[in-house]
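Number of protein chains: 2
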Amino acid sequence: MSAIDKPENPAVAESAFLKACRREPVPHTPVWFMRQAGRSLPEYLKVREGIPMLESCMRPELVTEITLQPVRRHGVDAAIYFSDIVVPLKAIGVDLDIKPGVGPVVEQPIRSRADLERLRDLTPEDVSYVTEAIRMLTAELGATPLIGFAGAPFTLASYLVEGGPSKNHEHTKALMYGDPELWADLLDRLADITAAFLKVQIEAGASAVQLFDSWVGALAPADYRRSVMPASTKVFEAVAPYGVPRIHFGVGTGELLGLMGEAGADVVGVDWRVPLDEAVRRVGPGKALQGNLDPAVLFSSREAVEAKTREVLDAASGLEGHIFNLGHGVLPTTDPGALTRLTEYVHEQTAR
Amino acid sequence: MSAIDKPENPAVAESAFLKACRREPVPHTPVWFMRQAGRSLPEYLKVREGIPMLESCMRPELVTEITLQPVRRHGVDAAIYFSDIVVPLKAIGVDLDIKPGVGPVVEQPIRSRADLERLRDLTPEDVSYVTEAIRMLTAELGATPLIGFAGAPFTLASYLVEGGPSKNHEHTKALMYGDPELWADLLDRLADITAAFLKVQIEAGASAVQLFDSWVGALAPADYRRSVMPASTKVFEAVAPYGVPRIHFGVGTGELLGLMGEAGADVVGVDWRVPLDEAVRRVGPGKALQGNLDPAVLFSSREAVEAKTREVLDAASGLEGHIFNLGHGVLPTTDPGALTRLTEYVHEQTAR
Chain A
1414 MSAIDKPENP AVAESAFLKA CRREPVPHTP VWFMRQAGRS LPEYLKVREG
1464 IPMLESCMRP ELVTEITLQP VRRHGVDAAI YFSDIVVPLK AIGVDLDIKP
1514 GVGPVVEQPI RSRADLERLR DLTPEDVSYV TEAIRMLTAE LGATPLIGFA
1564 GAPFTLASYL VEGGPSKNHE HTKALMYGDP ELWADLLDRL ADITAAFLKV
1614 QIEAGASAVQ LFDSWVGALA PADYRRSVMP ASTKVFEAVA PYGVPRIHFG
1664 VGTGELLGLM GEAGADVVGV DWRVPLDEAV RRVGPGKALQ GNLDPAVLFS
1714 SREAVEAKTR EVLDAASGLE GHIFNLGHGV LPTTDPGALT RLTEYVHEQT
1764 AR
Chain B
1414 MSAIDKPENP AVAESAFLKA CRREPVPHTP VWFMRQAGRS LPEYLKVREG
1464 IPMLESCMRP ELVTEITLQP VRRHGVDAAI YFSDIVVPLK AIGVDLDIKP
1514 GVGPVVEQPI RSRADLERLR DLTPEDVSYV TEAIRMLTAE LGATPLIGFA
1564 GAPFTLASYL VEGGPSKNHE HTKALMYGDP ELWADLLDRL ADITAAFLKV
1614 QIEAGASAVQ LFDSWVGALA PADYRRSVMP ASTKVFEAVA PYGVPRIHFG
1664 VGTGELLGLM GEAGADVVGV DWRVPLDEAV RRVGPGKALQ GNLDPAVLFS
1714 SREAVEAKTR EVLDAASGLE GHIFNLGHGV LPTTDPGALT RLTEYVHEQT
1764 AR
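Quick mapping for you: the protein sequence lines, in order, are chains A and B.
When the letters of the first sequence are read in order and numbered with our numbering, they come out as residues 1414 to 1765.
When the letters of the second sequence are read in order and numbered with our numbering, they come out as residues 1414 to 1765.
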């Protein structure tokens, strides 16, 4: 039972996904896929036709439809709220857009103390479409849990400081190393915005949250601990009173898994580079793990997919709580049929 | 003394760089930078003006000038032969080009057994400009050692199979997982080509070699061991009789460091994500380490650069052999002055 009351179908709490998050025995290993809603599905491309990405995140009916599509098609054990990492920034008035083939582009990057003023607090009214969409979604989803979604402070900071996607994060790191005080204030402000955004989702009915720190794998552990962990911890602490499982994931974070757990995650997501039996040693006891089939494996034969999936399940066999997922988002040209078969295969192989 | 005779200035063997590779006491920690020759230097941009990348790799005078530029400017302890990973493939007739802003593009990707026929053996005559350039270079370099350069089989395979640079290596992995026999044959052929290319460089006067496996960090350890290590090992064994130090580097390879050493490297390059004191635990005894300042740190203040450099030197203080380098290539917009100051700083701080 959650510490703060929120709407919930009682069957949701008994779902395999939430049981695995709580490290309780499960009828089968639950499965969902990062980016399961999106470009790999023809029905997604159809409903998105002519609608820019950011606009699609602000239309409750469309968000509901897109979020439900992979649940209907694949029979996955959880839905993930369809949104984009920059939605809360857009909602507080940051001048940004998502350019097709590029990603989020910020008109005026944030690089000085004066720029911080542009990051005001986020209120539920700023994202009323989120509340509306989640109420519709939970009504439709029945016993299937909905995972709330937000980008973590470091990744948001990288977009804001670079002005767009970046391979090397030069400006971000220059600020982080060169002006640690301004950096800390920037991340603290982003932590508040992120926490507020997740709270809206939980209060509307999300049963878990995933904090994505897409780019944090660009940092060494000492820098993560010093310059990022305080802000990520603040986000996790802010949502702790709701008692919903908190998932934390970033790609290329093999060196950071222990610290990302320490920051306050109940479930640590692992990319495909670190076998789960090694990941559990790094994360330590008391946390569930999520992952970690290489999404590129899905471009191979059915036999190869099953063999690699068995490797993941074998490495996970000693875990207290395991949520099966890819080790990164579904790649855009993935055959959706391969995802459906993978879901069935994991369910079959792990049925108790 | 090398097991096979090759031209060498006797002072080269006593250089700080080669001593560190051999894990012998050094007068100071030697320094060089991956991509030290190239886009960060105005004198490079000047001599390259109007000359396409691949063509510039085939003009001995130009290669000599470009390779010498960073040695002159920064006073680094080693030169690295200016080339590109795809040069040996071009030399055997693969239809490829380096497109500005994109990277190597292969006209017809390799995806079937019949395609393998296009990868014939490389002979010294195919790359006579390399022999010529290295002879000129070693004459100019005096006591400064020259490092030979080649891309490793996995990274070459990725370019050939994808047809160009790739973020997710889907086609490469589909082949690797889906047709292990064809994959092994492809990598074996690339190992022979790479070994032949390195032999040419050593015989012309290179005092060490670095095998770059730029993309191999995309693999989990079990896949590396099964599908890549045999080919990389073949390359290292082929050049072993020359007795020159063999350096091996890939970015994002924290999980692979031990295996990359095992493949036959004398020096393991480490990116900035893994502190050197942790890297030495993964690599084990009997190998030197190279690295590992985050190249993005150079966009920060001088104080920040020095503080982060001290962290690297402190983490390296227990190593038997340490070659200071960045944890990845010099970023194109790096201030060259920052690299000169960094070289001086490491020399000062480590002078014995």
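Any given hint might turn out to be false.
It does not matter which identical chain is meant; a pair holds if it fits inside one copy or across any two.
[Stated by the list, open to error] Result set (DSBU-like, lysine-lysine): computed pairs, CA atoms no more than 30 Å apart in a straight line: (1) Lys1432 with Lys1459; (2) Lys1432 with Lys1580; (3) Lys1432 with Lys1512; (4) Lys1503 with Lys1432; (5) Lys1459 with Lys1647; (6) Lys1432 with Lys1612; (7) Lys1612 with Lys1647.
Hints in this document: simulated from the structure, not taken from any laboratory.
Evaluation of the provided hints:
1. Lys1432 with Lys1459: neither (34 Å within a copy, 63 Å between copies)
2. Lys1432 with Lys1580: neither (37 Å within a copy, 35 Å between copies)
3. Lys1432 with Lys1512: neither (39 Å within a copy, 51 Å between copies)
4. Lys1503 with Lys1432: So Lys1503 and Lys1432 fail the 30 Å test inside a copy (34 Å) and across (56 Å) alike.
5. Lys1459 with Lys1647: neither (39 Å within a copy, 50 Å between copies)
6. Lys1432 with Lys1612: within (22 Å within a copy, 58 Å between copies)
7. Lys1612 with Lys1647: Within one copy only: 13 Å inside a chain, 55 Å across chains, cut-off 30 Å.
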